[in-house]
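Please build the complex by placing chains B, C and D on the supplied structure of chain A, with the hints as guidance.
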Amino acid sequence: MCGCGNGNDALIPRVGVITDIRTETPDVKTFRVVSPKGGKLFEHMPGQCAMVCVPGVGEGMFSITSSPTQREYQEFSIKRCGVLTDMLHSLSPGDEITVRGPYGNHFPVEDALKGKNLLFVAGGIGLAPLRSVINYVLDNRADYGSVDIVYGARSADDLVRLDEIRDVWAKAPGVGVHLTIDREQEGWNGHVGFVPAFLGELGFDADRTALVCGPPVMIKFVLSTLGEMGFGKEQVYTTLELRMKCGIGKCGRCNIGSKYVCRDGPVFRFDEIDELPDEY
Amino acid sequence: MQIEKTAQNKEWKPMIVAFCCNWCSYAGADLAGSSRLSYPADVKIIRVPCSCRVNPMFILRAFERGADGVIICGCHPGDCHYTTGNYYTRRRMALLFSMLDFIGVENGRTRVEWVSAAEGAKFSATMNEFTAKIRSLGQNVRLGDLRCRN
Amino acid sequence: MMGGIYGISKDRLEGLFSALAAERELYLPVLSGGKVNFSVWEEGADVRLDVTKTAKSPKDAFFPQFETLYTCRTEEGKLKIDPEELCRREFVVFGMRACDAAGLRVLDRVFLSEPVDTFYAARRELGTIVSIACGEPEESCFCRAFGIDAAAPDADAAAWFSGERLLMKPQTEKGMRLVSSLSEYLTEEDGAEAVIEEEQAKIRAITEKLPYSSLSLEGWGSGETKRKFDSPLWEKLYRPCLACGTCTFVCPTCQCYDIKDYKTKNGVQRYRCWDSCMYSDFTLMAGGNNRTTQLQRFRQRFMHKLVYFPENNEGMFSCVGCGRCVDSCPSSLNIVKVIKAFGKDGGDE
Amino acid sequence: MQELKKRLCELLSDGTVARVLGWRRGETSFDPEPAFFGSAEELSDFVYDGFCGANLSKMMIEAARLEGKTAVCLKPCDTYSYNQLIKEHRVDREKTYIIGVGCRGKLDIDKIRASGIKGILSVSGTECDGDGDTLFVKTVYGDRTCKYADAMLSRCHVCRGKEHKIYDEIIGESRDTTDGDRFSEVEKLEAMAPRERFEFFRRELSRCIRCNACRNVCPACSCRKCVFDSNNFDSAQKANVDPFEEKMFHIIRAFHVAGRCTDCGECSRVCPENIPLHLFNRKFIKDINTFYGEYTAGEDAEEMCPLTDFDFGDAEPGDVTSGR
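Protein chains in written order, with this note's numbering: chain A, 908 to 1187; chain B, 39 to 188; chain C, 1154 to 1502; chain D, 3 to 326.
The following block holds chain A by itself, in its conformation from the complex (with noise of 0.2 Å):
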């Protein structure tokens, strides 16, 4: 092991070239990455992770938006909150970043999803790992029971990959659509109103798995709603979002109780949450 270069140490990334940049929403961009000699980076499962680097500016976590069903090329959604996010939105298709990846768990698409009636509960950027399950669903749609999508944002401009939710997802077959925005807009004919509350107007079934995913204060009261619904703690998946430098579950930032959010995450099962002290 000793005495050559070391290439495999999983904190040692791989360049990776942006192949393509849509711009999603005012702050929020796509950017496609690929391996410098074509095809991907790596493979992954729905709902991982990989640590995304502008070398000299920083480094940061960000979920796999594309499925892995997409045999070309690996998303990543970005929004623009902090100097590196700045400084990756002002990069243009050829350049580079290094990738390392994939970490954590994945959302359990192969066993305890598979069969099951889907709800996905999404808000803003919280689209962008349940995207990739979705994809995955839909791709594999024999092998799952009734979708549903409840999305919503700030506005309509805010709405992630509109065309693709309108022309892919709304079309496929025994899949239910159904966007809010926070307040009323212009050209906005659907529905107004915050996502726990659409949610409980739309009215579910318990017998549904539900993938929640969206800014705190929204998973906290989608949650309450779910539970009104009679949904237990133990068909809701999230995925959790804390500091994180290594990846590999040792360098200490994400521990929360004896988890490690990029090793045993970032998907959790609400029950698991509840095991967990209150720290995220």
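These aren't lab readings, by the way, just hints derived from the structure by calculation.
Keep in mind that a hint or two might mislead.
DMTMM-like cross-link-like pairs, simulated, lysine to aspartate or glutamate; straight-line CA separation at most 25 Å [to be verified]: (1) LYS1188/C - GLU201/D; (2) LYS160/B - ASP321/D; (3) LYS1233/C - GLU982/A; (4) LYS1233/C - ASP183/B; (5) LYS936/A - ASP1064/A; (6) LYS1322/C - ASP1261/C; (7) LYS1231/C - ASP993/A.
Far from chain C, by Cβ distances over 12 Å, these chain B residues were calculated [claimed, not checked]: (8) GLU49; (9) LEU75; (10) ASP117; (11) GLU167.
Okay, the calculated bits of chain D under chain B, using three or more residues with CB under 8 Å as the criterion [to be verified]: (12) 250-258; (13) 267-278; (14) 290-304.
Since this is a predicted model, take the numbers as computed values, not measurements.
The beta-carbon is built from N, C-alpha and C at its ideal position, and this holds for glycine as well.
Relative to chain A, chains B, C and D alone:
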């Protein structure tokens, strides 16, 4: 603030950072240039709004990044564009340079000089003189970051 | 063969050190500026094997406070990643203590579990440890509470001082190799087993008398999260905490690290350095901070050592009772006070 | 101590103050910790003896945000720091009841250990109102004694005097402990050749572990966010790459507190690696005194700090460094 040495594996050339106040010294440097008065190319000028904008950290960081000498130029006392800025510079730098001397950094590597917009000649002379001084002191090895050396 | 005992008189140690250092890097407890720390031995260094506790633990021989991971440069417009070479020189850490060696076992759990930290693993493979039994343990020592025997240190070779002699007993292949390479200095001693046992008995008798030796860990360990986490005691305990990182940096088991970039003229160096969960920016991210108060950060450190870590490691505590934090906390806070404060009632109040 | 404790109890029970900031008895006789006491019962753990060296004035920043008045025990040297904090508007004098406590020099357990005493179980003879000059040390290895003066913190040997600069009442007597010159260490270094000085500081600072204890304990370092905690400042913290990195931190820190540092000596007291950090501060103090006239930070709460002030006739930086 990233200062990089250009010469690698070549003969050592001093790297000198000159912080020049926008209102006097920078104009003085300009005048030196337009009057065709030469000063060494080793001097890298950084324009600052006032000499008192120069934070001690700027100076240490310049040394860390491989500067061999740091000089601060400002308006003559009494002529500060902001009335009193350079008086504060004078006190701060007196203390800082004394401290650098105290920890064993040769005090010839740091200097404050007052250069007005009309003193192109003084600017050029000061830079020549300061560069010669740094050349005689040699490479800065006491304050550089090892990582910036290779 | 492994069971043999080899002796050397104290006054020949200097010669042994220079022989060792000629072949490989040698870390020893050295006195400088009034503090003893492990550092690379040089001719004339003031070696202090009699000092029980170095200010900083010897963990940085294996997990240095700062190390470069890779350099990222741009060559002809393309990003290139040059991973840092792994450690390839053999080295010896001479004079560790039973607690320090136990601390490495804790670090092993973290860095050698999948995915293996290759930087640490390489050092672990190339480093040989000689631990010395604690002839004169100090008042702040409480390794006994964690089941560590200061008289029988876990290492490649264990050593005991007996009068004017140092007796060494190789305990692993590595230790054996080390001892055989020093045959010029070490002489095999018959019947030294009894001498060692006598020393051990002395040491154990002293350890029993130490004020914190009987510290009870009842109520700590796996499954205690809920009960301890919400205890009102933390509010009282954390108050004097300065939020400095002294306890973390002197600790032989703290392993949290930060990863940062440094721009050199030849690209961006990615390095890692020790970090402390006591620092306010430890969990800070663009979107907020999940531990905003010092109480939370203080609690995290102790909960991690005494509850979370055992939960993930079959009950093994991430504290070895070396007592360095006890000696060095500027506000006289420490893990002993925390453990005692919770006492038997578990902190329910 | 009994008198002090009694008075604190009174202040708490008659409602003059809502809490007391003092020291709580530790596990041993030599590890008391700074603590807030909210009631007379809690005060049973109150202690004030030779090992209560911590400067409590910085904790008053936190206390200023709490409801009601806080009684704080300040030693003579701590009152300088408190004055300085008033000057910088970091504490609330109205919400403070200052009890000037007597001091006959504070003790440093490390000094006792350094004298070769191991396995210390308890130390007696540390009372502030006592006048014995011998400490009785019980150890695992037998009973030992040690001179009070030999176990004192270095700063107490160059104490600026035992006069409280600000107080509401004084309890206990103080005794002068000065037996050295405050600037002699600085002068000794100044007399060395630059190369020797450089080697000295490199050796000392190479031990720095970047724990930030010196910064966090310093009453003058009261910024809400330190420049060394800024994420926009690369490599600024945590990494001790080579000697320069620490020099950067310590020089800048000393510079930031120059003119405000009261020389309370806390930085050197808390350093786990025994780095003589006070030397930086004393050098600045000495220079300020020489260049701009005698100035004592914290002497009062009004006088302007020399670095926020200037004089038309100030010496030029070049003159003062080469002219010494």
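Hint-by-hint comparison with the structure:
1. With a C-alpha separation of about 17 Å, the suggested pairing of LYS1188/C with GLU201/D holds against the 25 Å cut-off.
2. Pair hint LYS160/B plus ASP321/D holds up; C-alpha atoms about 19 Å apart against a cutoff of 25 Å.
3. A threshold of 25 Å between alpha carbons decides the hint, and for LYS1233/C with GLU982/A the separation of about 22 Å falls inside it, so the pair holds.
4. Simply put, LYS1233/C and ASP183/B have alpha-carbon atoms about 23 Å apart, close enough for the 25 Å limit, and the pair holds.
5. At roughly 13 Å between alpha-carbon atoms, LYS936/A and ASP1064/A fall within 25 Å of each other, so this suggested pair holds.
6. For the hint linking LYS1322/C to ASP1261/C, the alpha-carbon distance of about 23 Å falls within 25 Å, and the restraint holds.
7. Restraint check: the Cα-Cα separation between LYS1231/C and ASP993/A comes to about 22 Å, which is no more than 25 Å; the hinted pair holds.
8. At the 12 Å boundary, the C-beta of GLU49/B stays outside the reach of chain C, the nearest C-beta of that chain being 17 Å off.
9. The claim that LEU75/B is not at the interface with chain C holds, since no C-beta of that chain comes within 12 Å of its own (minimum 31 Å).
10. With 12 Å as the threshold on Cβ separation, the claim that ASP117/B sits away from chain C holds: the shortest Cβ distance comes to roughly 37 Å.
11. GLU167/B, annotated as away from the interface, keeps every beta carbon of chain C farther than 12 Å; the closest lies near 28 Å.
12. Given a C-beta distance limit of less than 8 Å, the hint that chain B covers the region 250-258 of chain D holds, as 5 residues qualify and 3 suffice.
13. Figure legend: the region 267-278 of chain D, annotated as covered by chain B; annotation inconsistent (0 residues with Cβ-Cβ distances under 8 Å, at least 3 required).
14. Evaluation of the coverage hint for the region 290-304 of chain D: fulfilled, as 3 residues show C-beta separations to chain B shorter than 8 Å, against a requirement of three.
Checked against the numbered hints above, the structure breaks only hint 13 and satisfies the rest.
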